[in-house]
Amino acid sequence: MPNKKEKMRAIPTPLKVLIVIVVIILTFLIGAMIGFGLLGDGNPFAVFSQNTWEHIFSFFTKGPKN
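The sequence shown maps to residues 50 to 115 in the working numbering.
The set of hints was computed from the structure by calculation and includes no laboratory data. All of these numbers come straight from a predicted model, not from anything done at the bench.
Just the calculated beta-carbon pair ranges, DEER-fashion:
#1 Ile105 / Ile68: 21 to 31 Å
#2 Ala59 / Thr110: 38 to 48 Å
#3 Pro63 / Gly91: 32 to 42 Å
#4 Val69 / Phe108: 21 to 31 Å
#5 Gly80 / Phe108: 16 to 26 Å
#6 Gly80 / Asn100: 11 to 21 Å
Heads up, the beta-carbon is just placed ideally off N, CA and C, and yes, glycines get one too.
Kindly generate the complete structure, drawing on both the sequences and the hints.
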(Lines of atoms letter the chains of each structure in order from A and count residues from 1; the text may use other names and numbers.)
(Lines give C-alpha, C1' and ligand atoms only; values in the text may rest on other atoms or scores of the structure.)
Protein backbone atom coordinates (compact mmCIF):
# COMPACT_ATOMS: atom_id res chain seq x y z
CA MET A 1 0.00 0.00 0.00
CA PRO A 2 1.56 3.35 -1.05
CA ASN A 3 2.38 5.99 1.50
CA LYS A 4 0.49 9.32 1.35
CA LYS A 5 3.72 11.13 0.45
CA GLU A 6 4.34 8.74 -2.45
CA LYS A 7 0.84 9.15 -3.86
CA MET A 8 0.82 10.81 -7.29
CA ARG A 9 -1.64 13.57 -7.99
CA ALA A 10 -3.92 13.09 -10.98
CA ILE A 11 -3.54 16.73 -12.07
CA PRO A 12 -0.52 18.77 -10.90
CA THR A 13 -1.24 22.00 -9.02
CA PRO A 14 0.28 24.37 -11.65
CA LEU A 15 -1.96 22.78 -14.28
CA LYS A 16 -5.00 23.29 -12.05
CA VAL A 17 -4.12 26.97 -11.66
CA LEU A 18 -3.72 27.35 -15.43
CA ILE A 19 -7.08 25.65 -16.04
CA VAL A 20 -8.79 28.00 -13.58
CA ILE A 21 -7.24 31.07 -15.26
CA VAL A 22 -8.34 29.88 -18.71
CA VAL A 23 -11.88 29.21 -17.46
CA ILE A 24 -12.07 32.69 -15.90
CA ILE A 25 -10.93 34.33 -19.16
CA LEU A 26 -13.39 32.31 -21.25
CA THR A 27 -16.21 33.12 -18.85
CA PHE A 28 -15.40 36.83 -19.08
CA LEU A 29 -15.35 36.76 -22.89
CA ILE A 30 -18.58 34.79 -23.19
CA GLY A 31 -20.27 37.04 -20.64
CA ALA A 32 -19.12 40.15 -22.50
CA MET A 33 -20.50 38.75 -25.75
CA ILE A 34 -23.84 37.91 -24.13
CA GLY A 35 -24.08 41.27 -22.42
CA PHE A 36 -23.12 43.24 -25.50
CA GLY A 37 -25.12 41.15 -27.96
CA LEU A 38 -28.33 40.27 -26.14
CA LEU A 39 -28.70 42.96 -23.53
CA GLY A 40 -27.14 45.77 -25.53
CA ASP A 41 -28.76 44.90 -28.89
CA GLY A 42 -25.40 44.96 -30.61
CA ASN A 43 -23.32 42.53 -32.57
CA PRO A 44 -21.85 40.04 -30.06
CA PHE A 45 -18.53 39.99 -31.92
CA ALA A 46 -18.27 43.79 -31.81
CA VAL A 47 -17.20 43.41 -28.18
CA PHE A 48 -13.77 42.46 -29.51
CA SER A 49 -13.44 45.73 -31.44
CA GLN A 50 -10.80 48.18 -30.23
CA ASN A 51 -13.26 51.06 -30.59
CA THR A 52 -15.67 49.39 -28.18
CA TRP A 53 -13.01 49.08 -25.46
CA GLU A 54 -11.77 52.63 -26.03
CA HIS A 55 -15.35 53.83 -25.53
CA ILE A 56 -15.73 51.76 -22.34
CA PHE A 57 -12.43 52.96 -20.87
CA SER A 58 -13.26 56.57 -21.74
CA PHE A 59 -16.10 56.41 -19.18
CA PHE A 60 -13.56 55.64 -16.46
CA THR A 61 -10.93 58.15 -17.53
CA LYS A 62 -12.89 61.11 -18.94
CA GLY A 63 -16.47 60.53 -17.85
CA PRO A 64 -19.50 60.26 -20.14
CA LYS A 65 -19.89 62.68 -23.00
CA ASN A 66 -22.63 65.28 -22.47
